[in-house]
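Visitor: Place chain B on chain A using the hints.
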Amino acid sequence: MSSKRLVLTFPEKIVTKPITYRLVKDYDLQFNILRAEITANVEGKILIEINGSTQQIEEGIRFLESEGITIQDASKDIIVDMERCVHCGVCPSLCLTQALAADTVTRRLLFDKDKCILCGLCANSCPVNAIKLRI
Amino acid sequence: MAKTIEEINEKIKNGAAVVLNAEEITGYAAENGIKNTAKKVDVVTTATFGPMCSSGAFLNFGHSDPPIKMQKAWLNDVPAYAGIAAVDAYIGATELSETEDMQYGGAHVIQDLVDGKPVKLRATSYGTDCYPRKEIETYITLENMNQAYLFNPRNVYQNYAAATNSSAKTIYTYMGKLIPNTGNVTYSSAGQLSPLFNDPYLRTIGVGTRIFLCGTQGYVSWQGTQNNPGKERHANGTPLSPAATLAVIGDMKKMSSQYLRAATFFGYGVSLYVGIGIPVPVIDEEMVEYLKVSDNELFTEIYDYSVQRRNKPSYGRVSYGQLRSGFINLKGKKVPTGSLSSYSRALEIADILKEWIKKGSFLLTNPVSALPFEEKINVLNILGRDEV
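Note that the protein sequences, when read in sequence, are chains A and B. If you're matching positions, the first sequence starts at 381 in my numbering and goes up one per residue. If you're matching positions, the second sequence starts at 4 in my numbering and goes up one per residue.
So that you can see chain A by itself, here it is in the shape it has in the complex (with noise of 0.2 Å):
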């Protein structure tokens, strides 16, 4: 078993489509949605975290390009600058999932990205600007 975790766009003509209902049925993937942004005929997003064989992973993902969804690996769609942070404190308390949490000892801002649901909350609480999130 692997997992990875993806945001998926969906074009607005495809919104519509039951996508992950075939990710189960032909391709026999666990996955769990931990976020989402779907309105019919607007261009969607969800946040989706898919558990399964490498190969059946690879063929899912195949078939959703094969849609017209673009793949986009999530690890990339938050940026924690940490040249720019200045450890202050301030965004472990609006995270969540405690994926931004604070070194008990040294004080200094922990990331997480396995435990990021890219919510969003974060970003614009950082006052030195060293979140960035593209979601």
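Read the hints as simulated data drawn from the structure, not as lab findings. Incorrect hints may have been included.
[As the list claims (entries may be wrong)] Quick partial rundown of chain A residues pointing at chain B, CB under 8 Å, derived from the structure: (1) Ser455; (2) Val466; (3) His467; (4) Cys468; (5) Gly469; (6) Arg488; (7) Ser505; (8) Pro507.
[Said to hold, decoys possible] Straight-line Cα separation of at most 30 Å, DSBU-like style, residue types lysine-lysine; simulated pairs: (9) Lys512/A x Lys123/B; (10) Lys336/B x Lys495/A; (11) Lys495/A x Lys123/B; (12) Lys337/B x Lys495/A.
[Said to hold, decoys possible] Rough simulated footprint, nothing fancy, chain A against chain B, three-plus residues with beta-carbon under 8 Å: (13) 62–70; (14) 130–143; (15) 260–269.
Even for Gly, the Cβ is constructed at its ideal location relative to N, Cα and C.
Guide: What follows is chain B alone, placed relative to chain A:
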């Protein structure tokens, strides 16, 4: 036995001074006892690195040919106050750009200058016989200015209130982004490292005290605006709410943006992170009693910032130890906490100051004058001339 500043300075010059930071002193005093600590330790370094809106810089640009008496001036399109002599101006940290809104302001101008970047100066005037020029547009750098010094009217707050939001919508404040239904709590103090928590009655800090200011040596110039030391205090001497403040001064030409940083609080405006370190001389045992106090014995009050009034309802008292743990219990609910002031950078500053003192490049000062301890805060009432 009491120690004098002169005796401590002699030890510093001989490389024999024992210097600890305000975090280390707690464990040291617990291990060695008050009496021995007072005897052995000479200086404790304290520090803070937080957003301090009441900051700004005096600048002198030098004279152009023909010269101008600048009446209105802008630096990178941020208005500076030019209503002083011909080429003097004050750039305030919170002033906003006329072209870039909240993304750029006075604090960013100050940081750009400190980073050595060229800044566009534009000024207008009415022209006089001695200053005929009516407008100017040019580029300046920190190096080419005559004087550039930070002069911050209110910094180093002795404690600060914590904030939450009980309303149903997100609010954007100088305490940061506060999410609905008391979804988070923010606070802003270096706690046990904070200078005025470590000398709560300002026994050793006064006018003329030499300090670390944004990477260089600066000075305490006066009490800060809204100085209000007469607040209710804990048995350990520390105030339970915002109390004393300091005005500070220092040469911008020697500063570093590692310890001076422009900030934008989304929806609120621009502020300046100011790094300040203050050495506290261990003059007697009483000083050790104050210096050993740690985050669990320092308290502040949480206020509901969704109430848009001067007096906001309180959500009760909390210790900095609890705030720094990442979560607090707010009326039975587990709420995440966030700090606006950077503890880790404050610690970095306290350690730099420690090194300066240890190697003899920073000597302690006796205050030229004590700061007033009786001041109270006044409010602004809306009155007609005959009601005053």
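Visitor: Close enough to count: is the Cβ of Ser505/A nearer than 8 Å to one in chain B?
Guide: For Ser505/A, the interface hint holds, since the closest Cβ of chain B sits about 4 Å away, which is under 8 Å.
Visitor: Min Cβ distance, His467/A to chain B: is it shorter than 8 Å?
Guide: It holds, given that the least Cβ distance between His467/A and chain B is near 4 Å, below 8 Å.
Visitor: Within a Cα-Cα threshold of 30 Å, do Lys336/B and Lys495/A meet the stated pairing?
Guide: Distance of about 23 Å is within 30 Å: holds.
Visitor: Are three or more residues of the stretch 260–269 of chain B within 8 Å, CB to CB, of chain A?
Guide: holds (count 6)
Visitor: Quick check on Val466/A please, does its C-beta sit within 8 Å of some C-beta on chain B?
Guide: Holds, because the Cβ-Cβ distance from Val466/A to chain B comes to roughly 5 Å (cut-off 8 Å).
Visitor: Per the coverage rule (Cβ-Cβ under 8 Å, at least three residues), is the stretch 62–70 of chain B covered by chain A?
Guide: violated (count 0)
Visitor: Hey, Lys337/B versus Lys495/A, does the alpha-carbon distance stay inside 30 Å?
Guide: holds, 20 Å
Visitor: A closest beta-carbon separation below 8 Å is what the hint needs, so does Ser455/A meet it against chain B?
Guide: violated, 23 Å
Visitor: Verify the interface restraint on Pro507/A: the C-beta must sit less than 8 Å from at least one C-beta of chain B.
Guide: holds, 4 Å
Visitor: Minimum Cβ distance from Gly469/A to chain B below 8 Å?
Guide: Hint holds; Gly469/A Cβ to chain B Cβ min 4 Å, cut 8 Å.
Visitor: Using the nearest Cβ pair, does Cys468/A come within less than 8 Å of chain B?
Guide: Hint holds; Cys468/A Cβ to chain B Cβ min 4 Å, cut 8 Å.
Visitor: Under the criterion that the straight-line Cα-Cα distance not exceed 30 Å, is the pair Lys512/A, Lys123/B satisfied?
Guide: Measuring from Cα to Cα gives roughly 28 Å; hence the hint holds.
Of the numbered hints listed earlier, those contradicted by the structure are 1, 11, 13, 14.
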